[in-house]
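Next come the chains, spelled out residue by residue.
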Amino acid sequence: AQRVTQPEKLLSVFKGAPVELKCNYSYSGSPELFWYVQYSRQRLQLLLRHISRESIKGFTADLNKGETSFHLKKPFAQEEDSAMYYCAPNPTQGGSEKLVFGKGTKLTVNP
Amino acid sequence: KAGVTQTPRYLIKTRGQQVTLSCSPISGHRSVSWYQQTPGQGLQFLFEYFSETQRNKGNFPGRFSGRQFSNSRSEMNVSTLELGDSALYLCASGLAGGGTDTQYFGPGTRLTVL
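Heads up: the sequence lines are chains A and B, in that order.
Take 1 as the starting number for the first sequence in the working numbering and just add one per residue.
Take 112 as the starting number for the second sequence in the working numbering and just add one per residue.
Honestly, the hints are just simulated from the structure, not real lab data.
Where is the CB? At the ideal position from N, CA and C, for every residue including glycine.
There could be a bad hint or two in this list.
Some but not every residue of chain A turned toward chain B, in silico, with C-beta under 8 Å [what the hints assert, rightly or not]:
| id | residue |
| --- | --- |
| 1 | Leu11 |
| 2 | Ala17 |
| 3 | Glu32 |
| 4 | Tyr39 |
| 5 | Arg43 |
| 6 | Leu99 |
| 7 | Lys103 |
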């Protein structure tokens, strides 16, 4: 069965500190991997996806196939990064699988 | 392009009633997915429609149903409402749907069941 785990419900860091939001998944096959973010009073939106290999707002995410993880990282957190972050490893079988989001990690960046 | 819109934004119903929520996807998007968001369970997938056909379904009871129209607009219906159905219902659209597609989310409909 498909499973995605974000082990930290809450994560608090100080401005300028590195931050890592963890995501572990259990999937058959090779999923496409996404991180979505929801800022306060805004709608949920895509932050980044693995296939693009982009760095968005200073965030990167490395796929570790051996550990089946897709942790989100940023070397220097900013207060505006405070938000809810959702990991979403999604199947690539072309519409035959359910879409699954992790339960999310609430990041708070303190001044 | 205009974003995903959902109506109504807020709803208050009583137990036993039924409710219909509406979602208009981004122009050109043919996939519409519905999610239930609660503080305890996070985002839970309800179902996905593509070209008027339900393509995927989550683990929700049959009281939850949906449909998609030829213009890709979608509606979700919940019958015989229960207190536990109180949640934010999110709709997301995508070009092709499925696991490789980026989801574009609407603002949600906040449903409160009394």
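Earlier hints that do not hold, by number: 1, 2, 4
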